[in-house]
Amino acid sequence: MESPTTATVGRVSAAVVDERAARITIVARTAEETSPNATATRQMRLGPPATAPLLAVPVTGGQPTGPPVTGSIRLVVSPAHPSPTTGLPTRARLAVATGRAVAGASKLVHFGSGSVIGGRAALLVDRDLLRQLTRARDVVIVSATNGKTTTTRLIGAALGTDRPVVSNSLGANMTPGIVAALGMADPAATAVLEVDERWVEDVLGATGAGTVVLLNLSRDQLDRTQEVRKLAERWRRALTATPPTRVVANADDPLVTWAASAAPEVIWVATGQDWNADAAGCPNCSGRIAFEPGAWRCTGCDLARPTPDVTVDDGGVVLPTGRVPLDLGLPGRVNRVNAAFALATATALGADPSAAAAAAGAVREVAGRYRVATLAGLPVRLLLAKNPAGWHEALDLIAPAPAPVVVAINARIADGHDPSWLWDVAYERLAGRLVVATGERRHDLAVRLRYAGVEHVTVAEITEAVRRAAASPGHVPGAVVDVAANYTAFQEYLDLVGGPR
Amino acid sequence: MSAPRESAVRLGVLFPDLLGTYGDGGNALVLAQRLAWRGLGVDVVTVAAGEAAPDSCDLYLVGGGEDGPQVQATRELAESRALHRAVDRGAVVLAVCAGMQILGHRFPDATGADRPGLGLLDCDTVRVDRPRAVGELLTTEASVPDPSGPPGATLDLGVLTGFENHAGRTVPGPGSTPLASVEIGEGNGDGSEGVVCGRVVGTYLHGPVLARNPRLADLLLGWVVGADALTPLDDHEVDDLRTERLRAARSHELAPRRSWRDLLRRS
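Protein chains in written order, with my numbering: chain A, 1 to 501; chain B, 1001 to 1267.
The hints are simulated quantities; they were obtained by calculation from the structure and are not laboratory data.
Quick reminder that beta carbons are idealized off the backbone N, C-alpha and C, glycines included.
Don't take each hint at face value.
[Claimed, not checked] Short derived list, chain A residues pointing at chain B, Cβ under 7 Å:
#, residue
1, 237
2, 240
3, 280
4, 281
5, 285
6, 286
7, 288
8, 418
9, 421
10, 424
11, 446
12, 450
13, 451
14, 455
Full structure from sequences and hints, please.
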């Protein structure tokens, strides 16, 4: 049942009965379902986690070790902007309203932004919500091990030059986070979606996205994510099952190339990527892949580097339509490559190359990455590096020796519990300066640095770590201290300096 | 074997491009540095996939990895038999996780089918209907039979700490000795952890294992250069790491658990 008058969603209330027992009751009423004499009520009672775990666990920013939150929350939602759900079926509208209510409730009890839990609640009401929310939009999916948040942002900026764009800009990159973002947005805006590597199949299947951007695949979160070859297989399967109009893909990553070549049209980007440690075995035939500068091929089958359509040089990007100069606000070679993906994508979707390049160039930080902030009264720059391939690029960005650097390593669930990847990073390249090791796994890092022959100290607390770095002889007074952190450590420090903007 | 050496220790790192997913390349660095800090020469020979493995090294390292590359590494070593010749000569081998599995008699491939292993460790690896073993692994006091001592003599290693991540379970055979008993975690799956046959040592411990367990590193080096050549090193930072990891394991901070995302996907 669709109603042309969508302003009144009615009353939605959500009661968290017992968080610890994973029991939650959502009661939602919509105006459309309410007749003068009767009240239509949807009520869902979730069982214990084994059968219906959807709302069982505190999410982003939650405090799993804190006291249990009990009691009930009641709130009234009055939709301020009717537009996001215009034209949607009633069930989808109800789902969006429920999601917002639960997100609000979650915020009230300090579980974080609430977007993920709200999205999950919305999906409970309408399993098909992602399809409904993307029926009338162009959709771009961006996935990778590294660089997906930055590239999503750059594509958003480039496309934003001539059309409205919506993005899951806070990095909630699985279906719940995506529906939460879309539920707040202009229904016609182009959706540029960062998608977790493992969720590409689901999101592509639901949205039928016209454009899929695949950057790279490498080892990450060793204890949790699947082997990278299995991820490549799943990408390939997804592109076969729901072929997009175009794929924009890395020609220098054999795993990505193999996955992307299942698509009918691919725009190949030459990335010059030289992290190949995860691609020695051919994803197609298990044979050996031979790498030489600017080329690779399998020695057992005909998988080989495709001819690139897009290349990067020092001051610009060469697109199929010609070269575009690029003056990028983000640092490093890796971000020039991310920008090349963004320009290739945006121009394929009709954006003007020069305007797109100017917009991408104006981006200075992405979800706090590269932000220069003040910590312990000292200027610091926040860098995110969370796996060997990411560190490989980050080591180029860090201020050269003898400038000290703070390196923070955690190993929480979002980081992966196994930090043995520290031994795959060439920390030897940090020699000639003081490295201050911090984070919950600073002792793992200290042992790694000892064997790397790098001078280091361990400091438990971040502001003290920054002070210690600034007190080292290699520090020039007033210079920015680089703080390179993996995922949860980065989020923690970002919150200390004001959070994402 | 224990006479003072003139020549550098030859350290063979086998197929790190195939079997190096879990930071096990660090084991080579640990061994090389512990020799270098003591003024002992070391020559690291890295053998990439497709290259011929030498049979002349003193100590070989085989790391962990994914199912497909595991099969490829086995194929190359089965064809060349270089590692077999080296072990016959008394070479030392440390094989971690997938490396241990392929050194046994048989192991399951990606499809679950049995593949013949290299037969250098008396053990079988089988697929079981249980969740993947992922988490901190801590053993009780470990010791291994002294290959050059009198019968029954052992070399003590202290407790072993590391991180495990494997689907298969390993059954030690009568011709082998487990490396240790499990205090926390899964290990071989029968309460034991690791397999030792002479100077060939297999373990499920990543971390890398030799970074977290310097006594095991020195045991392997001692088999090559003689224990007397191994002067004490300052391992206080490793001691700090071990203290912190033992505490974490015993408080089950990293007990294997399914994430809510896994649960969400299943529903």
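Evaluation of the provided hints:
1. 237: Violated, because the Cβ-Cβ distance from residue 237(A) to chain B comes to roughly 15 Å (cut-off 7 Å).
2. 240: At 20 Å from the nearest chain B Cβ, residue 240(A) fails the 7 Å test, so the hint is violated.
3. 280: It holds, given that the least Cβ distance between residue 280(A) and chain B is near 4 Å, below 7 Å.
4. 281: 4 Å, holds
5. 285: 10 Å, violated
6. 286: Holds - the Cβ of residue 286(A) comes within 7 Å of chain B, reaching about 5 Å at its closest.
7. 288: The hint holds - residue 288(A) has a Cβ within 7 Å of chain B, the shortest such distance being about 5 Å.
8. 418: 5 Å, holds
9. 421: The hint holds - residue 421(A) has a Cβ within 7 Å of chain B, the shortest such distance being about 5 Å.
10. 424: 5 Å, holds
11. 446: 5 Å, holds
12. 450: 6 Å, holds
13. 451: 5 Å, holds
14. 455: Nearest chain B Cβ about 13 Å off; hint violated.
Violated hints, in rising order: 1, 2, 5 and 14; the structure is consistent with all others.
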